[in-house]
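Fit chains B and C to the known structure of chain A by using the hints.
These protein sequence lines map, in sequence, to chains A, B and C. At position 28 of the first sequence (counting the first as 1) the number is 28 in this note's numbering, and the numbers step up by one without a gap. At position 47 of the second sequence (counting the first as 1) the number is 1047 in this note's numbering, and the numbers step up by one without a gap. At position 174 of the third sequence (counting the first as 1) the number is 2174 in this note's numbering, and the numbers step up by one without a gap.
Derived by calculation from the structure, the hints in this document are not laboratory data. Cβ atoms here follow ideal geometry from the backbone N, Cα and C, with glycine treated the same way. One should not assume that every hint holds.
Cross-link-like lysine-lysine pairs, in silico, DSSO-like; alpha carbons within 27 Å at most [unchecked claim]:
| hint | chain 1 | residue 1 | chain 2 | residue 2 |
| --- | --- | --- | --- | --- |
| 1 | B | 1121 | A | 285 |
| 2 | A | 285 | B | 1159 |
| 3 | C | 2188 | B | 1020 |
| 4 | A | 223 | B | 1159 |
| 5 | C | 2007 | B | 1121 |
| 6 | A | 262 | A | 495 |
| 7 | B | 1056 | A | 503 |
| 8 | C | 2007 | B | 1217 |
| 9 | A | 223 | B | 1163 |
| 10 | A | 259 | A | 503 |
| 11 | B | 1173 | A | 495 |
| 12 | C | 2290 | B | 1121 |
| 13 | B | 1230 | C | 2053 |
| 14 | C | 2290 | B | 1163 |
| 15 | C | 2053 | B | 1121 |
| 16 | B | 1120 | C | 2007 |
| 17 | C | 2188 | C | 2286 |
| 18 | C | 2286 | B | 1120 |
| 19 | A | 285 | A | 87 |
| 20 | B | 1120 | C | 2290 |
Per the computed footprint, the stretches of chain C lying under chain B, defined by three or more beta-carbons under 8 Å from a beta-carbon of chain B, are [to be verified]:
| hint | segment |
| --- | --- |
| 21 | 2033-2045 |
| 22 | 2062-2069 |
| 23 | 2075-2082 |
| 24 | 2138-2150 |
| 25 | 2180-2193 |
| 26 | 2231-2242 |
| 27 | 2271-2283 |
A short list of chain B residues far from chain C (calculated; beta carbon distances all over 12 Å) [stated by the list, open to error]:
| hint | residue |
| --- | --- |
| 28 | 1074 |
| 29 | 1125 |
| 30 | 1161 |
| 31 | 1203 |
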Amino acid sequence: MKKKIVAMLMASVMALSLCACGGGGGDAAQSGGDGGAQQSGGDSAAADDGSASGEITKLIVAFPTWTGAPTDTEKVQEAMNEITRDKLGIEIELQVSDFGSFNQSMTLALSGGEQIDIVSTLGFAYANAVQQGYLSNLEENDLLSTYGAGIVDVMGQANIDACRVGGVLYGLPNNRDMAQGRGCVAVATEYLEGIGYDLSGDSEIIRITVDELNDVYAQLHEKYPDKEVYRPSTGAMSQFSNVDSLGGSVFGVLLDNGKELKVENLFTSDFYMDYCNRIYDYNQKGYISQDAATDTTAATELVKAGTLMSYTTGGKPGIKAQETNLCGREMTIFQTMDNYVSSTSVASFPWAIPITAANPEASMKYLNELYTNADLANVLAWGIEGEHYKIGDDGLADFADGVDASTSGWNHSMGWLMPNQFLTHIWVGNSPTLWDEMKEFNDSAVVSAASGFTFDTTNVANEVTAVQNVYNEYQASVEYGFVDPETGIAEMNEKMMSAGLQKIIDEKQAQLDAWAATK
Amino acid sequence: MSRAKTASEAGGGAKKMTLKRFKRFIPIYLLMLPGLIYLFINNYMPLPGLTVAFKKYNAGMGIYKSPWVGFQNFTYLFTTDDAWVITRNTIGYNLAFIVVNTVMAITVAIILSELTGRIKKFYQSAILLPNLISSVIIGYLVFAFFSVENGFVNNSILKLFGKEAVSWYSEAKYWPFILIFVSAWKSVGYNCIVYLATLMGFDRAFYESAQIDGATKWQQIKYITLPLLKPTIIMLTLMAIGRIFYSDFGLFYQVPMNQGALYSTTNTIDTYVYRGLLQMGNISMSAAAGVYQSIVGFVLVLVANLVVRRVDKDSALI
Amino acid sequence: MKTREDKIFNCIGHIVMLLLSFMALIPIILMFISSLTDNATLIQDGYSFLPAKWSAYAYEWVFTSNSATILRAYGISIILTIIGTTCSVLITMCLAYGLSKRGLPGRQVITFLVFFTMLFNGGLVPTYINYTTVFHIKDTFFGLLIPSLLMSAFNVLLMKSYFATGVPEEILEAAYIDGASELTTMWKIAVPLSKPIITTIAMFSGIAYWNDWNNGYIYLVKRTDLFSIQNLLNRLMQNIQALTTNASNIGNAGEGLAQIPSATVRMAMAAMGILPIIIVYPFIQKNFVKGITLGGVKG
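Bound conformation, chain A alone (with noise of 0.2 Å):
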């Protein structure tokens, strides 16, 4: 017995040590391995590189990828840091996080006071970040126009302006497709020529009304009864509108593409009803599945398993390749509203400088690197040349030999998420002319009258919060034709109201006003 405890004894201050020396080992390896440790970044990084080049600025970039840091991380790191070393006298760490535990993991190091110089804002909501102070002021000692004239000169001032919050920039909008094609859906094209839909012509997005797309439907399902018809989500709603969600909500919209500035309540409006009858509509004939409202495997999923059909998708230059590659299967894109500019959509996912950022200056450097060095933005998109990807004699862009979508180190399949995507090269699969492509595509669509303003919540963020409580609870329901629209949205509504949502649209339009006014 005694001998038992004295060993247990021995083995746990064993035990102790071993995990302090592990732990400790473990950050010194790190440190060693890629110029700082993240706790105490600028004192280990001049200690390590102070001999080499003299002043080197330590960054800290965060931004989420779907599932997590890529395996290749640190080379990629320091990839880019080859680049930016001696130019810039900056030296990066990327700090890749989840999507699903970004929003968590910014909220606590930014309340917790640790340094992060760089942050995108996807996921970790752009409006909500600034109303709580985590970001900064772009503008404050003439940052931008000192450090960062190549960003306003590759994304214009106009989309720079869309970034406002209550007339003061906190991120930049990154360049990608802007514009947004409405009312598109994605159809497997095999069904499709199963029920002898005429596939011919070359374009990329086929152009039908809504009538046509409910005719092709009814083939569809009564061709193939037992696959699901359509897979409706919670983007579909906006997706399939011509509503200007100001501010990324839907509280307070609006209506027919933005033309006139006149805020006005999505849920009593008729295109509501209409949308909504007509899903619950399909509901009624057996196109939606019961479990639609939260199963949460994705549509491109059940395409690929074959118990799919078609979902909803936004259109874009590059969407058939997209679709088609995520599904397994050749997709048919229709579209049957027009190409449009939110007022949201520039300032969707802005990048942005914390307020614990440690070099504001350095950063705002480094930012407009991203927007402006190819070599850098290929990097940070995908990867190193030779070991992650390599380029084509088509001059496309293919994974390099002997990786490939599962093995490769570095596919975050974010490039959309970068700042300046146009710098990068265009992936296999893809027209060549892609960018073009797209820069047209956002250059020809509608925009919205109210294109540039971004809603300040700070007065009514208890209603918000309150009133997406109320629509979180019906959604689904409603949304995915699960209850009569007659019934449903009347009751979301009265809800919905007593929850403040008048509050929120009245608001909206007095800042929509001196938006306008100031125009």
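Positioned in the frame of chain A, the structure of chains B and C alone reads:
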């Protein structure tokens, strides 16, 4: 009794004596130090952070420098439906858990105490196993049963009876039953062991003489077993009532899978605090709900403990 | 001598218990079966005890194509549980022994200070700030080991009352008079006499460490190599939820969902999360039952 006596002796002793005692106990204090330091770090150091409940949080200024707003966060919390809903859910579920789990645990314990043989061990092991499974995995298991299209319940059970599939994860009304069921699944085995142990400690002579007098099994249970179990039942129930303001975070957070449509029947104070903080970023409001929970919870625990002390001093926590 | 009534009672008792045992085990069995189901079959036919098509794909995925992540997570879980339990039991025992010591000056006050921590805490953000800015445990193994789990006031009080009631004061006093120091008395007399409660606390704490998914979610950001198995499972679930609820704001969310491992793989990972518990269970069960009985009266 004796405890109080020794304490008063120590207090009343001569100064020299106390010093000597103190010296004798120095090694004991040293032993206690790691644990006390841990509690200081883990529980006491963050305590000033509670003040954020009385502030308007601003990240730029940090928790400690944000401006005071008095009870504004509380006022808002109680003007919305939220405070009512989360309080109702927390207390309602706990009451249901207490009743269902106690009744089931006692029933199972009585049955088990009458059975013999190797299979009894098996029963006990089987019903205790769920208690060891993490709430994340329980969330996965529940989903396997209640997923609308793929779930076992809709796909096999309801289909068998020719019933329509139910979309479990979007209809709040089913969740009180599901959660009570899951809670029972998880904890009946655990609770029953305490009762079983108490039962095994009873004097069999009571039962033998009752049998001789011709008492039926039911009469034995009603007039012997249950009255003998009464102190244990009262004690366990009182302790549970003391913690009625706290909920099993894992159960309420993982099992309903964070579905907005279910909030009206699945949101408890603990999940509200967590969600308010990390999904809405509303630090002040979430802290206000936390303070509300701590204070009411504190009072309840103290009261329950006081009552327990009255009933049976040795069972009281302090 | 059994009466007819006894027999009926026994019979009903067996039926009820069989039913309950069955219900307790069935979800776990379903999980194992669905982890061995073909993924397409699962999506098409749903979870079932008799799948139309079996497949070991999920385990192949876990053990070959993604073994680096998952087996490492397994290792972390095991190491964490061992180290965590050892440390936890030691400091709990030491503190509890002190609290049980009659005549220890300040005992009441310290007991209250321990008790108090069960009721008030500073909340997540202040706790996080404390641990990350003062103690720098973010992205270290300590982030998994220390916060909340290392010692629970409840366990301390439980052990304290065992020491106070299960170890006769006279024996301790006698040993002390014989010249043994307080430490020797504790190690040689109190601890051996308290073996049941010590094993109980060890089990409670071991299970808590094995099942913990929260610390890793909060304190690990960059060090994905420190994820435990519960942590991976939790993150998968959180990612699925985040992607489905945010799909409205992000056109490409579907792409993200497509990268999440399929339902059968998730079930296989969950099965692996339970497996060690099932393996260890027969060995610890007896002590566990004893332990619950000891702790039971405390709630």
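Each hint, compared with the structure:
no.	hint	verdict
1	B/1121 <-> A/285	54 Å, violated
2	A/285 <-> B/1159	20 Å, holds
3	C/2188 <-> B/1020	23 Å, holds
4	A/223 <-> B/1159	24 Å, holds
5	C/2007 <-> B/1121	19 Å, holds
6	A/262 <-> A/495	23 Å, holds
7	B/1056 <-> A/503	21 Å, holds
8	C/2007 <-> B/1217	11 Å, holds
9	A/223 <-> B/1163	26 Å, holds
10	A/259 <-> A/503	23 Å, holds
11	B/1173 <-> A/495	18 Å, holds
12	C/2290 <-> B/1121	13 Å, holds
13	B/1230 <-> C/2053	53 Å, violated
14	C/2290 <-> B/1163	45 Å, violated
15	C/2053 <-> B/1121	35 Å, violated
16	B/1120 <-> C/2007	16 Å, holds
17	C/2188 <-> C/2286	25 Å, holds
18	C/2286 <-> B/1120	13 Å, holds
19	A/285 <-> A/87	63 Å, violated
20	B/1120 <-> C/2290	16 Å, holds
21	2033-2045	holds (count 4)
22	2062-2069	violated (count 0)
23	2075-2082	violated (count 0)
24	2138-2150	holds (count 4)
25	2180-2193	holds (count 4)
26	2231-2242	holds (count 4)
27	2271-2283	holds (count 6)
28	1074	15 Å, holds
29	1125	6 Å, violated
30	1161	16 Å, holds
31	1203	18 Å, holds
The structure shown violates the earlier hints numbered 1, 13, 14, 15, 19, 22, 23 and 29.
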